[in-house]
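**Student:** According to the working numbering, the sequence shown holds residues 57 to 140 in order.
It should be emphasised that the hints constitute simulated quantities derived from the structure, not laboratory data. Quantities reported herein were computed from a predicted structural model and do not represent experimental measurements. Among these hints, one or two may not hold up.
[Claimed, not checked] With a straight-line cut-off of 25 Å between C-alpha atoms, the simulated SDA-like cross-links for lysine to any residue are:
1) Lys-131 to Lys-65
2) Lys-116 to Thr-133
3) Lys-117 to Met-57
4) Lys-97 to Asn-137
5) Lys-124 to Phe-135
6) Lys-73 to Asn-86
7) Lys-106 to Arg-74
8) Lys-89 to Thr-133
9) Lys-89 to Arg-134
10) Lys-116 to Ser-98
11) Lys-65 to Gln-80
12) Lys-131 to Glu-99
13) Lys-73 to Lys-97
14) Lys-124 to Arg-74
[What the hints assert, rightly or not] Here are the computed distance ranges between Cβ atoms for each label pair:
15) Lys-73 to Thr-101: 26 to 36 Å
16) Asn-127 to Lys-82: 31 to 41 Å
17) Ser-62 to Ser-105: 15 to 25 Å
18) His-60 to Thr-94: 44 to 54 Å
19) Lys-61 to Pro-102: 23 to 33 Å
20) Phe-135 to Asn-59: 31 to 41 Å
21) Asn-70 to Lys-116: 39 to 49 Å
C-beta atoms are modelled at their ideal positions from N, C-alpha and C, and glycine is treated no differently.
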Amino acid sequence: MANHKSSIKRIRSNAAKRLRNRYQAKTTRNAVKKLRGTTSKSEATPLLSKVISMLDRLAKKNVIHKNKASNNKSKLTRFVNGLN
């Protein structure tokens, strides 16, 4: 166990940040799955903008790598553009 007051606080704050990051990452993954499950372009287009925003936010906070966010956005955009 840590002895310094600052290191104890750091452990607490890291645990809180980890929970928040995991929640946001899981929510984003679920949104991506929901987007992939859509069959019509009219449903997918508004959902795509929300998912892209979520991916950008995760990349900005270094929860996921910026290239992973970029790859996901590209693939999802291609998927939505291919829908009828």
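**Student:** Would you mind marking each hint as holding or not holding in the structure?
**Tutor:** Checked hints:
| no. | hint | result |
| --- | --- | --- |
| 1 | Lys-131 to Lys-65 | 41 Å, violated |
| 2 | Lys-116 to Thr-133 | 20 Å, holds |
| 3 | Lys-117 to Met-57 | 28 Å, violated |
| 4 | Lys-97 to Asn-137 | 8 Å, holds |
| 5 | Lys-124 to Phe-135 | 16 Å, holds |
| 6 | Lys-73 to Asn-86 | 20 Å, holds |
| 7 | Lys-106 to Arg-74 | 23 Å, holds |
| 8 | Lys-89 to Thr-133 | 14 Å, holds |
| 9 | Lys-89 to Arg-134 | 15 Å, holds |
| 10 | Lys-116 to Ser-98 | 28 Å, violated |
| 11 | Lys-65 to Gln-80 | 23 Å, holds |
| 12 | Lys-131 to Glu-99 | 17 Å, holds |
| 13 | Lys-73 to Lys-97 | 36 Å, violated |
| 14 | Lys-124 to Arg-74 | 19 Å, holds |
| 15 | Lys-73 to Thr-101: 26 to 36 Å | 33 Å, holds |
| 16 | Asn-127 to Lys-82: 31 to 41 Å | 19 Å, violated |
| 17 | Ser-62 to Ser-105: 15 to 25 Å | 41 Å, violated |
| 18 | His-60 to Thr-94: 44 to 54 Å | 51 Å, holds |
| 19 | Lys-61 to Pro-102: 23 to 33 Å | 48 Å, violated |
| 20 | Phe-135 to Asn-59: 31 to 41 Å | 52 Å, violated |
| 21 | Asn-70 to Lys-116: 39 to 49 Å | 19 Å, violated |
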